[in-house]
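Colleague: Okay, here's what each chain looks like letter by letter:
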Amino acid sequence: MKKVWQVREVSTLMILVLEVAFFTWYLWPSDGGHPFLNVGNALLILKYSSIYGIAAIGAAIVIITGGIDLSSGAVIGLTSVVTGYFFVQAEWSLTASAVMGLMVGLSAGLASSWLIVGMRLPPFIATLGVMGIWRGAGYIITEARFYDLSAKLPRNWTVAGVSIDWVPPLVMVTLAAIFQVLMKRFQWGRAIFAVGGNETAALFSGLRVGLVKTTAYVTAGLLAAISGVVLAVVQGQGKADLANGYELDIIASAVVGGTSLTGGRGSVAGAVLGALIFGVLRNALPQIPGATFYDRVIVGLAVIVIVVMDQVMVKRAS
Amino acid sequence: MTTAGLEFRDVAKAFGAVQALRGVSFTIAAGDAHACVGENGAGKSTLLKILAGIIRPDRGALSWAGERVHFSSPREALGHGIGMVYQEMLAFPNLSVTANIFAGREITGPWGRLDERAMRARTQELLTQLHVPVTPDTSMERVSTACAQLVQVARALAFDCRVLVLDEPTTSLTDAEVDHLFGVVGRLRQQGVTVLFVSHRLPEVYRLCDRITVLRDGQFVGTFERATTPSDDIVRAMVGREPPKRVPRVSSPVSTFAPAELRRTSPSSPALQVRGLSSRPAFEDVSFQVAPGEIVGMFGLVGSGRTEILETLFGLAVPDAGQVAVDGQAIHVRSARDAARAGLALVPENRQRQGLFFNLSLRHNLVLPLAAKQGVGVIRDAGEEAVARAQVESLAIKTPHLRVTPDALSGGNQQKIVAGKWLATTPKVLLLDEPTKGVDVGAKFEIHNLIRRQADAGMACLMVSSDLPEVLALADRILVMREGRLRGELPGAGATEEAVMRLATQEAGGTA
Ligand SMILES: Nc1ncnc2c1ncn2[C@@H]1O[C@H](COP(=O)(O)OP(=O)(O)OP(=O)(O)O)[C@@H](O)[C@H]1O
Ligand SMILES: [Mg+2]
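Protein chains in written order, with the working numbering: chain D, 1 to 318; chain X, 1 to 512.
There may be inaccurate statements among the hints.
Unchecked claim - For the chain X half of the interface with chain D, some residues (derived, Cβ under 7 Å), not all of them:
#1 Arg75
#2 Ile107
#3 Thr108
#4 Gly109
#5 Pro110
Keep in mind the hints are simulated off the structure, nothing from the lab.
Predicted model only: the values in this text are computed from it and were never measured.
Where is the CB? At the ideal position from N, CA and C, for every residue including glycine.
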């Protein structure tokens, strides 16, 4: 049996804890309440991180098969538009509108996997194309307008007694738990790892490689669409240019969480922790006076430093 | 020939201009142990891949138990009980041994939930049965090549198979492991399993199989009864001419070649000197030397640390202790590049993983180590072509031209490329790890001659091989490893298989 500190996700968790400790210390106020360490801020971080985190689960799955999905940002954006359209324009219920939003992810996943499995395009190119088309569809639908969901959403909204603010983090944690178990304990997950580890061997072993890849891209599409619904509700908007460039942050979350871009290695729990690491950075950096113009640089450096640190810790543990 | 078993009828397959199979027909009786032999590139693996549903034949049909079958995917073939061990080892380096054995056919509960406990137990059973010294949870990337080969066998045995197909499963196994494997195959035969066995080791073919089918250049030559056919006849059928004469044993390192005097050079100036080399737990306190012009064979069972020694010498692993000197100069290699500069070359054991670039043409594969060693900045096509062509000719590599990538070659020809690319660097010390793995009789002869020629020209050769007859035929001196330590040294001339095996297998504490 592995020792606790040998579990891959633990080293990512440790980085998150170190990060939180650092900002708690650095932003320690000379008087009054802590600007970073308080329940309200924690909830804010969790809420916004879950938009990245949910999609990062799918990104990790695709990367583990040895592929890549560049379309997640576009899917998130178009999902907010489609959900907004049905909710605001067509006056459907929120649930029905959200289901229509999920179709955006399903269709993107099917399109990507058809291009990759059926047409044998490299995943980078296939999903780059899908990204462009799905992003563009949002502009065509909205014609530079946006759907204002906030006006129609209830105020002080609660779901089963908890504030709506808690729902996105709960969804993220639940999905992470489900997919973590699926990946580690179920045949489907094993097939994902096998295809990413050695595709030829997977084929020779009688695995349905094409089907396995299809399920990975469809799952990633659906998870990105869930992120899109969350974003639409959190922002109260359905807008074509939402989540622009998110795909790279989402992929970075997965990689920081220990997923190898060469395929065959990684975890969805790690990807969610990776998203939280970025969420904390994005929240804390603007609170540092004078850091405003440096935050992109700092985030870029952080990716490199974290991956290096992580490798050192993993080597130490084994 | 009792019941109708497996029948190939007029099976043909071409890869571009290469006609790999030209209408092959023969029958394997159910429950039979049948061998398929032929030179490198004769079409054996292609035939087996058709049987496994990986390749579709251009024409021809297969039937099994009198019924015409058609496998369009490996999954279907597996479903029909065709268990296959592929020549090119196909493992999932990122998964455990258990996961490798069950990949694609996991034992599951509802919804595909993995039953890890059942799979681990079954894996343990199979590993014990085959005497594989790894645990079910070991990560496959930490498993040595020979053990990995046994894991592939375990994979084929993990399920009820009615036809067990083995494509050169013994290339890096020593006799003891082959015995375990054959023991298991024998038991399966008693249960009525049909066995199809491909190997270049004719003694093994004779031990295991009742009938032998010979292919040559994609054509069926004949099916022979083991009992009534001497092995020379098989070799003649394989090569289509008189068999190459068995390499005469050079009884002493002194031969008629002028440079042979070099072999006698006083031990004070060995080409390679190793003192107290350790890399625990793989091997410990290993000391030996190799003189210029000498061929030293290193023999030992799987897991005795042979490969690790070569890899350490070549800078792929850092030793805990010990000194290495080349031509009397102490060297401290930290990388393969350092090693190549110091005059070492390594022909690695696993050509798929360590030997070949499948994205590069044969020409580029063949000149790469030379170019890296010389540090050539500018690529000169003509020069490269000449180097590559020379290797292809001297090794008789069977290829349409030099622009193909290695995956278009048969297994044995791939092996020759790996040997050739390092020979092109004309090193001072040549380290060889299973240099004739999977090559046919003729090519083996070529490679042996080549090694001998290099030695006669003054190169020091250290060869690890599991093929004991090969070690006996080629080595001037034999070092025997057991459990990470050097247990003894025998002169090549007088050594017998028994003497070597005794050293290699003795219980710890026995005398060396
Ligand atoms: N994918 C491929 N593309 C092109 N040519 C191929 C391919 N696979 C095999 N060949 C060619 O088909 C012929 C038969 O190859 P095959 O692998 O069946 O030989 P083999 O009898 O198994 O030889 P070995 O003993 O070396 O393994 C060879 O000439 C080889 O170069
Ligand atoms: Mg072959």
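Colleague: Please go over all the hints and tell whether each is borne out by the structure.
Modeller: Each hint tested on the structure:
no., hint, result
1, Arg75, "4 Å, holds"
2, Ile107, "9 Å, violated"
3, Thr108, "5 Å, holds"
4, Gly109, "9 Å, violated"
5, Pro110, "10 Å, violated"
Hints 2, 4, 5 from the earlier list are contradicted by this structure; the remaining hints agree with it.
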